[in-house]
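**Q** Please put together the full structure from these sequences, using the hints given.
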Amino acid sequence: MARMITSGLIQMSLSKTEGEGSIEEIKEAMIQKHIPYIEDAGRQGVQILCLQEIFTTPYFCPGQDKAWYQSAEPIPGPTTERMSAYAQKYGMVMIVPIYEKEQPGVLYNTAAVIDADGTLLGKYRKNHIPHTSGFWEKFFFKPGNLGYPVFQTRYAKVGVYICYDRHFPDGARVLGLNGAEIVYNPSATVAGLSQYLWKLEQPAHAAANGYFMGCINRVGEEKPWNLGKFYGNSYFVDPRGQIFAQASEDKDELLVASFDLDMIEEVRATWQFFRDRRPETYGKLVEL
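Residue numbers for the sequence shown follow the UniProt record's numbering, so the first one is 1 and each next one is one higher.
Be aware that a few hints might be false.
Derived lysine to aspartate or glutamate pairs resembling EDC-like cross-links, with alpha carbons at most 16 Å apart [what the hints assert, rightly or not]: (1) Lys229 - Asp252; (2) Lys89 - Asp117; (3) Lys101 - Glu137; (4) Lys229 - Glu249; (5) Lys138 - Asp65; (6) Lys89 - Asp40; (7) Lys223 - Glu20; (8) Lys223 - Glu18; (9) Lys66 - Glu18; (10) Lys142 - Glu102; (11) Lys33 - Asp252; (12) Lys251 - Glu221; (13) Lys157 - Asp260; (14) Lys16 - Asp252; (15) Lys157 - Glu265; (16) Lys101 - Glu73.
Cβ pair distances, simulated, as ranges [stated by the list, open to error]: (17) Glu20 - Gln64: 17 to 27 Å; (18) Tyr69 - Ser13: 20 to 30 Å; (19) Phe244 - Phe168: 22 to 32 Å.
Note that these hints are calculated values from the structure, not bench results. Ideal placement from N, C-alpha and C gives every residue a C-beta, glycine not left out.
**A** Following this line, the structure appears as structure tokens:
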């Protein structure tokens, strides 16, 4: 019997930015802009929905303004509680990426995973933190300390990788070894140096590990930073590395796709990468 899943990705441009209100007003405006799309996903029968990286705010990392520390919040906290209500209303698993405050001065780039009954299953903290060429993330985010968890949701085993993480195949492999059937990668990436990698790395992860991926990128240009154009093109890719659904590059959009998780077993029966791997020969990978 087929294990069909309907999943959704929301890519979104800013509604308000720095200088157009307080940080709390900017966050609230972004949440309000997402709500109709979340509701639409629920009405379409989406079972697993993923939002974009730090979805409640601009991507403020091109600057180094400590005022944005104020946008961080605990998990569980106000935003995850609000999203839990939508998860419960529609029986919809939600991956909710926000700026997390564990305690004063301890801040993470995190995705909360909420089950279809509204229960907070846990969270993934972004492990790889860039600090170069306008992506000054170490100013804002402490590297993750929760490893590469996989969450047994009502519908599937779900893992999360966030933005810059995608450049590192090691964690992507661990997510597969930990049992992930779908890995979601919420991102904030602009046209330029790394754009050619957007449709290269994640299909490669999906094929190398035999799982599905949902890859989300925001859209538009964000002032006052003007880092470049966030080019959308959110997509789903299957365990063969084939992109089978893709959003536009320049508009707010809910991308919805259905797929059969049984493809994972079919693909892995052909490509026995987990059987044939040789971890005893990989010691160099963890040498300091």
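**Q** Check each numbered hint from earlier against the structure, then list the numbers of those it violates in ascending order.
**A** none
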